[in-house]
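Generate coordinates for the entire structure from the input sequences, incorporating the hints supplied.
Quick mapping for you: the protein sequence lines, in order, are chains G and B.
Its first residue numbered -6, the first sequence is counted upward by one per residue in the numbering used here.
Its first residue numbered 42, the second sequence is counted upward by one per residue in the numbering used here.
Hints are not guaranteed to be accurate.
Chain G residues, not near chain B, derived (Cβ > 10 Å throughout) [as the list claims (entries may be wrong)]:
#: 1; residue: Y15
#: 2; residue: R27
#: 3; residue: R74
#: 4; residue: D109
#: 5; residue: S128
#: 6; residue: L157
#: 7; residue: E168
#: 8; residue: D195
Over 10 Å on every C-beta distance to chain G, these chain B residues come out as not near it, computed from the model [stated by the list, open to error]:
#: 9; residue: A50
#: 10; residue: Q63
#: 11; residue: P65
#: 12; residue: F143
#: 13; residue: Y145
#: 14; residue: L150
#: 15; residue: L182
#: 16; residue: M185
#: 17; residue: A188
#: 18; residue: V200
#: 19; residue: P203
#: 20; residue: N234
#: 21; residue: M263
#: 22; residue: A265
#: 23; residue: I266
Computed beta-carbon distance windows for the label pairs [as the list claims (entries may be wrong)]:
#: 24; chain 1: G; residue 1: K233; chain 2: B; residue 2: R276; range: 31 to 39 Å
#: 25; chain 1: G; residue 1: T121; chain 2: B; residue 2: M202; range: 20 to 28 Å
#: 26; chain 1: B; residue 1: P207; chain 2: G; residue 2: P100; range: 29 to 37 Å
#: 27; chain 1: B; residue 1: L274; chain 2: G; residue 2: Y15; range: 51 to 59 Å
#: 28; chain 1: B; residue 1: A110; chain 2: G; residue 2: P214; range: 30 to 38 Å
#: 29; chain 1: G; residue 1: E188; chain 2: B; residue 2: R276; range: 28 to 36 Å
Hints listed in this document are in silico derivations from the structure and should not be mistaken for laboratory results.
Every residue gets a Cβ at the ideal spot worked out from N, C-alpha and C, and that includes glycine.
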Amino acid sequence: MNDARTDGAAGPLEIRIDSKTYVSAEGQAVEVIRDLTLRLDAFSVGALIGPSGCGKTTILHIAAGLDPNFIGHLRIPGQGRLGVVFQEPRLLPWRTVADNIRLVLPPEQSFDQLDDLIDTLGLGAHLTHYPGELSLGLARRVAIARAFAVQPDFLLLDEPFVSLDVAVAARLRDELTMLTQRRQVTTLLVTHDLEDAIQLADRLFFLSMRPANIIAEMALPPPRGARDKATIDEIAEQVKSQVPGYASGAART
Amino acid sequence: MAKVLSLAALLGLWTLVAWLTQSPLLPSPMRVGEAILVDMQSGELPFQMACTLARVVAAFVIAFTLGVAAGYAMGRWRSVDRYADPWLVVLLNLPALVIIIFAYIWIGLNETAAIVAVALNKLPNVIVVTREGARSLDPNLDEMARAFRFSWQSKLRNVIMPQLAPYLAAVSRSGLAIIWKIVLVVELLGRPNGVGFVLGSSFSLFDMTRILSYAISFVALMLAIETFVVQPLERRTNRWRRRAA
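Have a look at this one:
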């Protein structure tokens, strides 16, 4: 059906999905993705933007190697070490914050080496807490810390700012921008929010409705992370005029 | 406090009825207490209790290990459940006594038969409860563990077991209670030692003092295990739940 491989050197991320179908509750085959090709240079950040329900999360699952049932091809950068931030933080409620992070550490890494990461995300005071004691914003920070603690070759972020209030989301966006700049890791961000994508990414991929494929691709001017509000608005206007159907709402929620 | 009062009232009532009837069929708590002391000193009571306890532990470990493995498999994989469920239903509905008789006839009047019989009696219950637990495992956490490449040992320890813990705690509490009762029957029917054997031989002599002293001692032992082993363990596994509440 498909072949997946990892590159010894830090190669690009390549996702090719010729077809992905699933069987609906009524027993019918529904095609969610068709002829989708995505290529992302090593160490750059790509953002997948599309309307809700267009198959973004399905693509993320395939990229994470969690769903082998598709026709196509997957090439993961580096050793294929993966960090994922799911939409729901998916922390282990019976383990403390520190233990949740410690559990994914690669053998050569010790928890003490993570001070910098813990500081950036403001988690120092919460290491002994259980996830049930945290707000969603904090829980998501822990999930982000966990994803980076893996020392990933490849990072997947699924709507990391969704359901957070504006201030919390803004702070988290800045922290993520900082982390993706500081650490060399090929990153794929899935979002429905254009501004989030423009702030964080080097390259935007716009998805169509089902069956999803990429209708437009846009490289953003470097450097990422240094874009101020005015620049972001300007690029957003550009997107609306250049991406077919975006302004009319086809690629929006 | 209420518990102590209630127990004292029971003891008082027993003393009163024993005093009123003055029958060897209902010895007073004092006489039973004396009997316990005498048998404790002679080593008879500890020996018999140890025999029974060893059988309880062996049967419990076997039923628990096999039951958790089978229950997990049935809860996770529908095809396994489809094939194994009819067996489970048969086992669930087989009376304890029938299983004991089968075991003694087919395996012989020996220790293996006794333990197998008890374990088989408890097994279906462990399977049913664990299956329920396995069905309710969070698929999101399972995906997380796969994405982060947890080893199977780490996944078992950190992801699966904590989710099954409330089910396993429930099954060990009810399990302990059921198992020791069945062990007594098994001993009564075919073992030369153990509390069940003593109860059987005392029954044939109508020795109520002995019956009561052994029964009470063993109940006390099981209550102690429940209070000092099972409950603290349960509290420990649920620590995160209380903190988060």
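Going down the list of hints, with the structure as the test:
With 10 Å as the threshold on Cβ separation, the claim that Y15 of chain G sits away from chain B holds: the shortest Cβ distance comes to roughly 15 Å. Taking the minimum C-beta to C-beta distance to chain B, about 24 Å, the non-interface status of R27 of chain G holds against the 10 Å cut. Non-interface call for R74 of chain G relative to chain B: violated, since the shortest CB-CB distance, roughly 8 Å, does not exceed 10 Å. The claim that D109 of chain G lies off the interface holds: its Cβ sits roughly 21 Å from the closest Cβ of chain B, which is beyond the 10 Å cut-off.
No beta-carbon of chain B comes within 10 Å of the beta-carbon of S128 of chain G; the shortest separation is about 13 Å. Chain B leaves L157 of chain G outside its interface by the beta-carbon criterion, the shortest separation being 19 Å against a cut-off of 10 Å. With 10 Å as the threshold on Cβ separation, the claim that E168 of chain G sits away from chain B holds: the shortest Cβ distance comes to roughly 21 Å. Non-interface call for D195 of chain G relative to chain B: holds, since the shortest CB-CB distance, roughly 23 Å, exceeds 10 Å.
The beta carbon of A50 of chain B is kept farther than 10 Å from every beta carbon of chain G, the shortest such distance being approximately 42 Å. The beta carbon of Q63 of chain B is kept farther than 10 Å from every beta carbon of chain G, the shortest such distance being approximately 59 Å. Distance check on P65 of chain B: its Cβ is at least 56 Å (rounded) from any Cβ of chain G, clearing the 10 Å threshold; non-interface status holds. The non-interface label for F143 of chain B is consistent with chain G: the shortest C-beta to C-beta separation is roughly 41 Å, beyond 10 Å.
Distance to chain G confirms Y145 of chain B as a non-interface residue, since its nearest Cβ pair spans about 43 Å, more than 10 Å. Remark: the non-interface label on L150 of chain B is consistent with the geometry, its nearest Cβ contact in chain G lying 46 Å away (cut-off 10 Å). A beta-carbon of chain G is positioned within 10 Å of the beta-carbon of L182 of chain B; the least distance is around 6 Å. With a least beta-carbon separation of about 4 Å from chain G, M185 of chain B fails to lie farther than 10 Å from that chain, contradicting its non-interface assignment.
Not every CB of chain G is more than 10 Å from the CB of A188 of chain B (nearest about 4 Å), against its label as outside the interface. With a cut of 10 Å on Cβ distances, V200 of chain B falls inside the contact zone with chain G, its closest approach being about 7 Å. The non-interface label for P203 of chain B is inconsistent with chain G: the shortest C-beta to C-beta separation is roughly 4 Å, within 10 Å. Every C-beta of chain G lies more than 10 Å from that of N234 of chain B, the closest at about 43 Å, which supports listing it as non-interface.
With a least beta-carbon separation of about 29 Å from chain G, M263 of chain B lies farther than 10 Å from that chain, consistent with its non-interface assignment. Separation of A265 of chain B from chain G is adequate, the least Cβ-Cβ distance of about 28 Å exceeding the 10 Å criterion. The Cβ of I266 of chain B sits about 25 Å from the closest Cβ of chain G, beyond the 10 Å cut-off, so the non-interface label holds. The hinted window of 31 to 39 Å between K233 of chain G and R276 of chain B is violated, with their beta carbons roughly 58 Å apart.
A hinted range of 20 to 28 Å holds for the C-beta pair T121 of chain G and M202 of chain B, which are about 22 Å apart. For the hinted restraint 29 to 37 Å between P207 of chain B and P100 of chain G, the CB-CB distance of approximately 32 Å keeps it satisfied. At roughly 43 Å, the beta-carbon separation of L274 of chain B and Y15 of chain G lies outside the given 51 to 59 Å, and the hint is violated. Taking 30 to 38 Å as the suggested C-beta distance range, the pair A110 of chain B and P214 of chain G does not conform, at roughly 58 Å.
In this structure the hint that E188 of chain G and R276 of chain B lie 28 to 36 Å apart at CB is violated, the actual value being about 48 Å.
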